Amino acid sequence: MATLKELATQPAGEKFVGGHTSCAGCGYPNIFRLALAAVKDPVVVVGATGCCEVNTSIFPYTSWKVPFLHNAFENSAATCSGVEAAYYSLLKSGKIQENNTRFIAFGGDGGTYDIGLQSLSGAMERGHDMLYICYDNGAYMNTGIQRSGATPRYANTTTAPVGKVKPGKMQKKKDLAKIMVGHNVPYVAQTIAGNAQDLVKKVEKAMSIRGPKFLVVLATCPLGWQTKTQDTVKLTRLAVDACFWPLYEVENGKYKLSYDPKDKKIPVADWLKLQGRFKHLFKPGNEQLLAEVQAEVDKDWADLKALCEFHSKQV
Amino acid sequence: MTTTLNEEKYTANLSASELPEGGIWTEAGSSLMRKTGDWKVEQPVWDKTKCISCFTCWAYCPDSCLKVENGRVAGVDYDHCKGCGICANVCPPKVSALTMEKAR
Ligand SMILES: Cc1ncc(C[n+]2csc(CCOP(=O)(O)OP(=O)(O)O)c2C)c(N)n1
Ligand code: SF4
Ligand code: SF4
Chain A
-3 MATLKELATQ
7 PAGEKFVGGH
17 TSCAGCGYPN
27 IFRLALAAVK
37 DPVVVVGATG
47 CCEVNTSIFP
57 YTSWKVPFLH
67 NAFENSAATC
77 SGVEAAYYSL
87 LKSGKIQENN
97 TRFIAFGGDG
107 GTYDIGLQSL
117 SGAMERGHDM
127 LYICYDNGAY
137 MNTGIQRSGA
147 TPRYANTTTA
157 PVGKVKPGKM
167 QKKKDLAKIM
177 VGHNVPYVAQ
187 TIAGNAQDLV
197 KKVEKAMSIR
207 GPKFLVVLAT
217 CPLGWQTKTQ
227 DTVKLTRLAV
237 DACFWPLYEV
247 ENGKYKLSYD
257 PKDKKIPVAD
267 WLKLQGRFKH
277 LFKPGNEQLL
287 AEVQAEVDKD
297 WADLKALCEF
307 HSKQV
Chain B
3 MTTTLNEEKY
13 TANLSASELP
23 EGGIWTEAGS
33 SLMRKTGDWK
43 VEQPVWDKTK
53 CISCFTCWAY
63 CPDSCLKVEN
73 GRVAGVDYDH
83 CKGCGICANV
93 CPPKVSALTM
103 EKAR
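Heads up: the sequence lines are chains A and B, in that order. Mapping of the first sequence onto our numbering: position 180 corresponds to residue 176, and the numbering continues sequentially without gaps. Heads up: take any position in the second sequence, counting from 1, add 2, and you land on our numbering.
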């Protein structure tokens, strides 16, 4: 794996630059800074509508120093697959010679778990040579914190608000990595924006494979999570230590844990209590809700560990 | 890293016919022209004598504001730094080369 120093000191400089309008302390930009630093070949990026696209590409300003294409909210995977298919067609007809360009599509959780899911599913199933990166901040943040299929249970959002009747979003977060594993693609991985080493390793691994790859990356949104800007990195690390968001990869259908906190596993409350979107869970009378969340996390963690264990014994 | 941007092209009052067709961004990295540094309330102070150039701050700054020169970390780009405090938070505690102070 490339070291941070190697990533930071490339002669060509960064491929994703500052001056974008993401909020101070936003979690997703370093996913793209690091992913692009980790890709050595020429790369084309296609983005879905959302904070990352809006903040980095308001005409005439762009933070991208690689070819960047935005089409619509729901179709970054479809657009990227079309660009990839056109590229291979040009190669085949001899109009271009060097076969080294790679393709990355991205979307937020709204753009991926929900509205872009069918275009993503199609692109993965057709087997295009592309990496899809979903940055998951757990709501439609750009338009004012609406709940998405990725919003965790009991989080406060503007469309599933905490009130007298309901304690926030009532449904459980979708397991998107599992949905992507169901597409039988060669590589699926889950990581966080707050672990540069794990993120870079997974991007490098993904790019070493030809075919469809999928990465889902938990990223803090200080605005929507109601967290302190300086805690952005710490927050996704705590989500891992609480086993709310385990780091793992799935190569050809086989699950493998990237990190097991073991006796350093923390109660999920230690992660929740730093976030304003969960502050109602700490009011007297809501102990049951908190216990429910903890039980859900423990069960999912035990299931994931068992699956990884099972696959580790297979040859 | 030095970037030469055609600022004139963007800062001048252009008529519709002078704009690039199809909403194409013609200048890669043009967002550097936007000085987001004036957003900040606090700012990081970098101590050259303490810094061990581990590049942790570089890796986590959302705004690419840790300057790199001659293979080492070389200070903060205040023109774009939004003062979030992430860099000071991730700098290894034993090193503590970045601290936050009130922005001037
Ligand atoms: C078809 C369509 N519906 C709605 C919108 C408005 N819209 C723009 S960004 C956005 C939210 C994006 O949410 P998400 O994908 O989670 O990314 P985030 O903003 O959280 O980064 C919405 C609803 C749109 N651009 N297109
Ligand atoms: S709303 Fe959230 S995701 Fe969007 S730029 Fe702000 S902090 Fe980042
Ligand atoms: S305070 Fe935030 S924006 Fe400024 S250099 Fe540090 S990490 Fe970057």
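Simulated from the structure, these hints should not be mistaken for lab results. Heads up, a few of these hints could be off.
Derived DEER-like restraints, expressed as beta-carbon distance ranges [said to hold, decoys possible]:
| no. | chain 1 | residue 1 | chain 2 | residue 2 | range |
| --- | --- | --- | --- | --- | --- |
| 1 | B | T101 | A | V311 | 46 to 56 Å |
| 2 | A | A302 | B | I26 | 22 to 32 Å |
| 3 | A | I92 | B | E23 | 36 to 46 Å |
| 4 | B | R106 | A | Q222 | 27 to 37 Å |
| 5 | B | T28 | A | S308 | 18 to 28 Å |
| 6 | A | N180 | B | G77 | 29 to 39 Å |
Okay, derived cross-link-like pairs now, DSSO-like style, lysine-lysine, Cα gap no bigger than 27 Å in a straight line [claimed, not checked]:
| no. | chain 1 | residue 1 | chain 2 | residue 2 |
| --- | --- | --- | --- | --- |
| 7 | A | K261 | A | K197 |
| 8 | B | K96 | A | K258 |
| 9 | A | K61 | B | K96 |
| 10 | A | K224 | B | K52 |
| 11 | A | K260 | B | K52 |
| 12 | B | K96 | A | K224 |
| 13 | A | K88 | A | K168 |
| 14 | A | K252 | A | K160 |
Incomplete in silico selection of chain B near chain A, CB under 10 Å [to be verified]:
| no. | residue |
| --- | --- |
| 15 | P22 |
| 16 | V47 |
| 17 | W48 |
| 18 | C53 |
| 19 | C67 |
| 20 | G73 |
| 21 | R74 |
| 22 | V75 |
| 23 | D81 |
| 24 | I88 |
| 25 | P94 |
| 26 | V97 |
| 27 | E103 |
| 28 | K104 |
Note that the structure is predicted; figures quoted are calculated from it, not measured. Note that beta-carbon positions come from the ideal geometry of N, C-alpha and C, so glycine has one too.
Query raised in the report: Which hints, by number, does the structure contradict?
Result: Numbers 2, 3, 5, 6, 9, 11, 13, 14, 16, 17, 18, 25, 26, 27, 28 - these are the hints that the structure violates, sorted from lowest upward.
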